[in-house]
Structure formats: structure tokens, C-alpha cells
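Got chain A sorted already, so can you dock chain B onto it with the hints?
2 protein chains.
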Amino acid sequence: MNKTIGIFGGGQLGRMMAQAALPLNIQCSFFEAETECPAAILGPVFSSKTEQGLQDFIASADVFSLEFENTPVADVDVLTQTKTLHPPRLALATAQNRLAEKSLFDELNIPVAPYRAVDSLDSLKQAVADLGLPIVLKTVTGGYDGKGQFVLRSEDQIDTAWAELGPAKSLIAESFVKFSREVSIIAVRGQDGDVKTWALAENHHHNGILSHSIVPAPNSTDLQPVAQDYITRLLNHLNYVGVLTLELFVTEQGLYANEMACRVHNSGHWSIEGAICSQFENHIRAVAGLPLGSTDVVRPTVMINIIGQHPKSEDVLALQGAHLHLYNKSERTGRKLGHITLMPNNSDDLTGLCRQLAQILPVPLALTADMSL
Amino acid sequence: MNKTIGIFGGGQLGRMMAQAALPLNIQCSFFEAETECPAAILGPVFSSKTEQGLQDFIASADVFSLEFENTPVADVDVLTQTKTLHPPRLALATAQNRLAEKSLFDELNIPVAPYRAVDSLDSLKQAVADLGLPIVLKTVTGGYDGKGQFVLRSEDQIDTAWAELGPAKSLIAESFVKFSREVSIIAVRGQDGDVKTWALAENHHHNGILSHSIVPAPNSTDLQPVAQDYITRLLNHLNYVGVLTLELFVTEQGLYANEMACRVHNSGHWSIEGAICSQFENHIRAVAGLPLGSTDVVRPTVMINIIGQHPKSEDVLALQGAHLHLYNKSERTGRKLGHITLMPNNSDDLTGLCRQLAQILPVPLALTADMSL
Numbered sequence: 001m002n003k004t005i006g007i008f009g010g011g012q013l014g015r016m017m018a019q020a021a022l023p024l025n026i027q028c029s030f031f032e033a034e035t036e037c038p039a040a041i042l043g044p045v046f047s048s049k050t051e052q053g054l055q056d057f058i059a060s061a062d063v064f065s066l067e068f069e070n071t072p073v074a075d076v077d078v079l080t081q082t083k084t085l086h087p088p089r090l091a092l093a094t095a096q097n098r099l100a101e102k103s104l105f106d107e108l109n110i111p112v113a114p115y116r117a118v119d120s121l122d123s124l125k126q127a128v129a130d131l132g133l134p135i136v137l138k139t140v141t142g143g144y145d146g147k148g149q150f151v152l153r154s155e156d157q158i159d160t161a162w163a164e165l166g167p168a169k170s171l172i173a174e175s176f177v178k179f180s181r182e183v184s185i186i187a188v189r190g191q192d193g194d195v196k197t198w199a200l201a202e203n204h205h206h207n208g209i210l211s212h213s214i215v216p217a218p219n220s221t222d223l224q225p226v227a228q229d230y231i232t233r234l235l236n237h238l239n240y241v242g243v244l245t246l247e248l249f250v251t252e253q254g255l256y257a258n259e260m261a262c263r264v265h266n267s268g269h270w271s272i273e274g275a276i277c278s279q280f281e282n283h284i285r286a287v288a289g290l291p292l293g294s295t296d297v298v299r300p301t302v303m304i305n306i307i308g309q310h311p312k313s314e315d316v317l318a319l320q321g322a323h324l325h326l327y328n329k330s331e332r333t334g335r336k337l338g339h340i341t342l343m344p345n346n347s348d349d350l351t352g353l354c355r356q357l358a359q360i361l362p363v364p365l366a367l368t369a370d371m372s373l
Numbered sequence: 374m375n376k377t378i379g380i381f382g383g384g385q386l387g388r389m390m391a392q393a394a395l396p397l398n399i400q401c402s403f404f405e406a407e408t409e410c411p412a413a414i415l416g417p418v419f420s421s422k423t424e425q426g427l428q429d430f431i432a433s434a435d436v437f438s439l440e441f442e443n444t445p446v447a448d449v450d451v452l453t454q455t456k457t458l459h460p461p462r463l464a465l466a467t468a469q470n471r472l473a474e475k476s477l478f479d480e481l482n483i484p485v486a487p488y489r490a491v492d493s494l495d496s497l498k499q500a501v502a503d504l505g506l507p508i509v510l511k512t513v514t515g516g517y518d519g520k521g522q523f524v525l526r527s528e529d530q531i532d533t534a535w536a537e538l539g540p541a542k543s544l545i546a547e548s549f550v551k552f553s554r555e556v557s558i559i560a561v562r563g564q565d566g567d568v569k570t571w572a573l574a575e576n577h578h579h580n581g582i583l584s585h586s587i588v589p590a591p592n593s594t595d596l597q598p599v600a601q602d603y604i605t606r607l608l609n610h611l612n613y614v615g616v617l618t619l620e621l622f623v624t625e626q627g628l629y630a631n632e633m634a635c636r637v638h639n640s641g642h643w644s645i646e647g648a649i650c651s652q653f654e655n656h657i658r659a660v661a662g663l664p665l666g667s668t669d670v671v672r673p674t675v676m677i678n679i680i681g682q683h684p685k686s687e688d689v690l691a692l693q694g695a696h697l698h699l700y701n702k703s704e705r706t707g708r709k710l711g712h713i714t715l716m717p718n719n720s721d722d723l724t725g726l727c728r729q730l731a732q733i734l735p736v737p738l739a740l741t742a743d744m745s746l
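If you read the protein sequences in the order shown, they are chains A and B. Number 326 in the numbering used here belongs to position 326 of the first sequence; there are no gaps in the numbering. Number 594 in the numbering used here belongs to position 221 of the second sequence; there are no gaps in the numbering.
For reference, chain A alone in the conformation it holds in the complex (with noise of 0.2 Å):
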């Protein structure tokens, strides 16, 4: 092996990592609650529920990056005594904490909604006056996929909303922006300042969890370079090495960011098939010091979740040109289980391959729209 890299968590994510890594002789370990988990696989898990654990995770690789958001800042403290981490630190801290995320922004002129900073029931209601409604209520650290979110309507619903996320102690209350779609824009930083961004996604949710993602976004052709702006700055400012996400809303003043995520992201998958070089490749070449891989897209992909329940391999399969992606997990409502990849032809084969999976899918996404590339 060149050289071997762990990784905080042992999810999907770790899974796919893992596995673009290994044609480049790059072994991967992992630091997971549970040792039974999707990259287990793919190389040692080291459990954060011992004691032990962490250190023997530090002494199992050369190089360090992180596939769960949450990775506790604590532990990164441990391991950069005497390993590197990417990306760095600050960047996940930042990310960990809406307000640092959304002053970020701020700093480097990237469009966000209108905000508030709420520790108190006045202030909640300060937050109102100023900002109208609806505003979204949310914790300023923890939460996802719309767990740990409010949203209020009217001003009856304050107090409720105070109730139910007041104990949090810190939140952040943000404007609710208008908008006609979310996309995301992916980018990755080598260890030599080089940056390379993907194509747009146009993504789909579904009970606040992806369903799809449209790749490049239909007409998508001036938010590319305003969103590559954008993500650069970020990536500059952080001196970031590796895979980067910002979430942004397609609005009519145009992009506004949403939120960032310091790792390879979901709307992302499409990559494996639909870019010359993967976000799971060109993380581990960045995170491992080697030259990026070209970003540019083989052809339109979709990307489709599969949430909750398996379908059929064989019927996903028998889909023209389908690939897919499972993650050895076992079935629970909600729970991404793996995703599929369609590369169509065009627009009318796209919307007859959608209405297909749709048949397929135990749990029905949001694919009966209407799709087009």
C-alpha cells in the first residue's frame, strides 16, 4: 500500500471512499460507534465506544479526513497533536456551527438569507419583527436531513417553536427564502491550492431527505460560474484540502448558499459514473497529496436514493444502463440504503426510466414529476 488514510466514520460515505481509494493502493480505516458498519468491509473499524479506541484509530493511518459532519472538534483536537487532518479544522468547526457558517458567508460575500441569532424567548421574538415570517427556526449546531428545525408561520407558533427547540439553547433564525429550486455545488482543493469543481445538482427531497439529484442542472448555464465563485472562496479562505458542498437556493436575486457540508456529499454520487473523476476519488487523490482528476461530466445523470426499503436488484438492473449502489444496511424508515445512477440518452429517456423506478421503489420519492435534462 502507498499510503493508508483514516477516516472519521464508517458510513456510506467511508464505504465509497474506501473503495475509490483502493485502485490507488490506498488502504483505509475507520472510527465508528459501531464496527459493523457499510465501509467495515473495506478495512479496520476502530470503535469510539472504547477507550482505547481513538488512539489505536490515530496510530492506524498516515493521513486523516472525515466522512461524518459531526466528527467531535474534540477528537480532531487529539489527533492533530500529531497527525494532519483534512480538511482542516476550522472548516469543520465552522460547518458545526450555523452562525460561524453564515458569518463566513458573510465575510466572504456570499449571498445568504437574512438572520437572527435567538438564545432567549425575547430574543426569538426580536428575531420575528425583524425578519417577518415565515422564518426557519434551527438549532445552531446539530441537526439534519430537517431534524432539529422549526418552521414558523405565524406568530401564534412562537411559543411552541420555543418549546420545542428553546432547550438547545443556541439557534439561529433565518428568513424564509423564496425559492424556485436547491442545487449544490461540489468542489475539491488539492494539497497544492489547485481547485476543481463538479456540474451543479438539482436536488430533489422527499420528507426532507434527498430523493434525486438532476446532473448538470437543467438550465443551470450562468449559476455555474456565479456557484464555482462561490465555493472557491471558501475553499480559499480555509486553505481547505479536499472535497467541499455548499447547498444553495436558486432564488430571483439569484444564489443564495444555504448551508456548506466539509465532505463528499450525497448529490455528489452521480460522480462515480457521470464525471471523468469521482468526488470519492478526487477527495482520497487531495486528502493523499496526488493531482486531481478532471471533474468534467462523461454525460446527464440522475442520481435516485434508495430510502427506507431495498427494491429488487434485478429490476433496478434490468433498467437501461442503471448502476447500483448498495450499502449493507439493514431496512429502517428514512434510512438511506444505497442509490442508483441513470445516464440517459435524453430528456424522453430519462422521464420513461423515472416512471419505471418509480414502479420499482418500495418508497415512492418525488419521481413522478415531470423530468427533464
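None of these hints come from the bench; they were simulated from the model. Where a beta carbon is used, it is the ideal one built from N, C-alpha and C, also for glycine. Possibly wrong hints are sitting among the right ones.
Stated by the list, open to error - Which chain A residues face chain B? A few, computed with CB under 7 Å, are given here:
hint, residue
1, P23
2, L24
3, I158
4, I276
5, L290
6, P291
7, S294
8, V298
9, P300
10, E314
11, G321
12, H325
13, L326
14, N328
15, S330
Unchecked claim - Quick list of the computed label-pair ranges, beta carbon to beta carbon:
hint, chain 1, residue 1, chain 2, residue 2, range
16, A, N236, B, Q682, 18 to 28 Å
17, A, A100, B, R708, 50 to 60 Å
18, A, D348, B, R462, 53 to 63 Å
19, B, R462, A, D77, 55 to 65 Å
20, B, H578, A, T80, 29 to 39 Å
21, A, A93, B, R672, 51 to 61 Å
22, B, Q682, A, D296, 46 to 56 Å
Frame of chain A, contents of chain B only:
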């Protein structure tokens, strides 16, 4: 996991099969002399050197395949008492015996160079009289990458050739086919009889070992349907399941079959990036009883072997669009250590990339010739 596939052999072909199996939640196990083999990172390896190894291997999986073309038929016979092997025993036994193989080609009207069975000095002399010179004398069983062969160019070499290869007892003398180039066709047959064929590869050798393959083979539009027809005859006749490779010579009289390999093939490694569905994934799909994926070419591709010594990974990955596949093998003269896939945009790019690559590779291959797509 959906299913477990046991693979005879644990080299790079098994490694790449298991890599393709992983996203389908299919786990592989391996049967190999050395447990420290390229596939070891992806599944348990049962040693063929231990007494219990074969039985443990048979117990380890639901269905079986192979990546080692010299898999002993005796082992297969033990296996098939309780489990199923894809491809079928008959295909393996035929490919392991050059006389049986040529006889099958004859039976299916697939052109081969004139040949004679040779089992004595007298029959060798008779073969020379019948076929003329030059001829290639080969052992009927064993031998690969140019080993176990003798090219006879004049009658005074007959005694030397016999002294060298005669002890093998069973030989075949083949007319020296005057060919302009060598190509290979790879196809896969599913359990339902569905056959899919990849584009012809044009293969270039260096010291008897495959140096690089260009896909689609240049100027092969007329050859493709003929080659497809030949390999489809073989697949259907043998009731084959899995990937089969047929090596062919391009002559003024058309295509001549050289030999077949009952497995994924080095000249198909391009398909990992260059085809919608790779030879490895389709082989796994076939063995697991799943529908086959499209074998369409995504973009013209060149696959270059890394032989004997490793180049620097950073040098290879700095080439535009290059993909690196290392097999985790130690360096040794003539050993296949990995391969590189290039997907140039056009012929000019290819020539430039190959020149750059020739400078990077420590062992010079047949890359100096002008390349075209």
C-alpha cells in the same frame, strides 16, 4: 449481503471482480495458493496449499466462478458435486486444451490457422511437411504470455524444438498466421441466455505480454459483427454464463481465432471507465443471475499495463483524464502490477498522452509507435 460468490484465483482479476461486486452487496471469497494476494483486501482467501482449503472455500459461497484460467478441473469436479460453477466445466476444460479448443472452433466454423496434433518427433516432422514453415509449436496444456511456445522457422530447428517442448508429450503445431494486428472480443452471457458484447480491442504486446489495448479497435467497423458472431456461437454452444474472451488475428483473409479465455481479460480492463457496464460488473451480474448491463462504449479508451516496476502515482494521475488501477503486487520483471486507463478527447490528445506516459513508465512498452483512434 445478497449473495456470496466464490472465485477460483485471487489475483488482480479477482480483485477487480470483487470491487465490482461490492456495490451490488455481493461479497466474494477466493481460492488461491498465497493468502496474501491482490484480492485479499476484499474477502476471505482459502489457501489451495492446505488440506481443508478447497472444502472451506466450497462452504464459503453460494455460487462460484473463476479468474484463473488454469483452475484444476479436478477441483471443479469436487465443487460441482454440491455447488454451481459459472462458466461451465466444459468451457474451462476446452480452453485448457489447445487441441480441444481448435476442434471446437472448427466445429463452429470459426476460422483458425491450419494445425496438427504433435506427439512425437515424427509427427512434428509430418506437421512441418503438411503445414510448411514457419509454424508455432505449443504445448497442448499450460503455458501463457508466450511461455511453452517455440517458433519454428527452418527445418534445422526441428530437433531443438522437440528437445524443448517434446517432454510435454502433447503438442500442437500451428501455421504461422500472417496477421496485420491482434484484436480481442469480449462478451458476456447471462443465465437467461442474453448475450452482450463489448467493442473490439486492438492489442499490442511487448516481450510477449500485453502492453496496451485501444478500444474501439481502429478501423474495426467491418470486423465487429464478425467477431460478435463468432463469440456468440461459442457462448451459446457452451451454454456459457459469465464473461468469455476470444483473441483474434486480423489477416487479409479475415479474422482468425487464436484462443479463448473463459474469464475476464486484460484487454477488457478499459471497460471499467470506458463502457457503461464493465466486464467485471457484467461477469458478477451473470454469475449472480442478475440482468446484464449495457456494454456500450462511453468514450474511446486506451488501457496501458504497468509491468515490472511502478511509475510514480503522482506522475500518472497528473495526466489529463488518467485513471490508475494498482493491484497491490510487489515488483518483479514481467509482472503485471497495474494498469492505466486514458480517455482522450481525440486522436491528437492520445498521441500526446502516450508520449508523456512513455516517459513516466519505468519499463518502456510498445508505446513509442504512433497511436491513432
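Hint check results:
For P23/A, the suggested interface contact is upheld, since its CB lies about 4 Å from the closest CB of chain B, less than 7 Å. Hint status for L24/A relative to chain B: holds, with the closest Cβ pair at about 6 Å, below 7 Å. Taking 7 Å as the C-beta contact cut-off toward chain B, the hint placing I158/A at the interface is violated, the least distance being around 47 Å. Hint status for I276/A: holds, given a least beta-carbon distance of 6 Å to chain B, under 7 Å.
Interface restraint check for L290/A: the shortest CB-CB distance to chain B comes to about 5 Å, inside 7 Å, so the restraint holds. A hinted interface residue such as P291/A counts as satisfied when its beta carbon comes closer than 7 Å to some beta carbon of chain B; here the least separation is about 4 Å, so the hint holds. Taking 7 Å as the C-beta contact cut-off toward chain B, the hint placing S294/A at the interface holds, the least distance being around 5 Å. Nearest Cβ of chain B to the Cβ of V298/A: about 6 Å, under the 7 Å cut. The hint holds.
For P300/A, the interface hint is violated, the least distance from its beta-carbon to any beta-carbon of chain B being 13 Å, above 7 Å. At about 5 Å, the closest approach between the beta carbon of E314/A and any beta carbon in chain B falls short of 7 Å, and the interface hint on this residue holds. Interface hint at G321/A: satisfied, since its Cβ lies 5 Å from the closest Cβ of chain B, which is below the 7 Å cut-off. Given the 7 Å rule on beta carbons, the hint for H325/A holds: about 4 Å separates it from the nearest Cβ of chain B.
With a least beta-carbon distance of about 4 Å to chain B, the hint placing L326/A at the interface is held under the 7 Å criterion. Hint status for N328/A: holds, given a least beta-carbon distance of 5 Å to chain B, under 7 Å. Against a cut-off of 7 Å between C-beta atoms, the interface hint on S330/A is violated, since the closest Cβ of chain B lies about 11 Å away. Between N236/A and Q682/B the CB atoms are about 38 Å apart, so this pair departs from the stated range of 18 to 28 Å.
A C-beta distance of roughly 52 Å is found between A100/A and R708/B, which places it inside the suggested range of 50 to 60 Å. Distance hint for D348/A and R462/B: a CB-CB separation of about 45 Å, inconsistent with the stated range 53 to 63 Å. Between R462/B and D77/A the beta carbons are some 60 Å apart, a value that agrees with the proposed interval 55 to 65 Å. Hint check: H578/B to T80/A, Cβ distance near 50 Å, so the stated range 29 to 39 Å is violated.
Checked against the given bound of 51 to 61 Å, the beta carbons of A93/A and R672/B, roughly 42 Å apart, lie outside it. In this structure the supplied range 46 to 56 Å is violated for Q682/B paired with D296/A, their Cβ-Cβ distance being about 31 Å.
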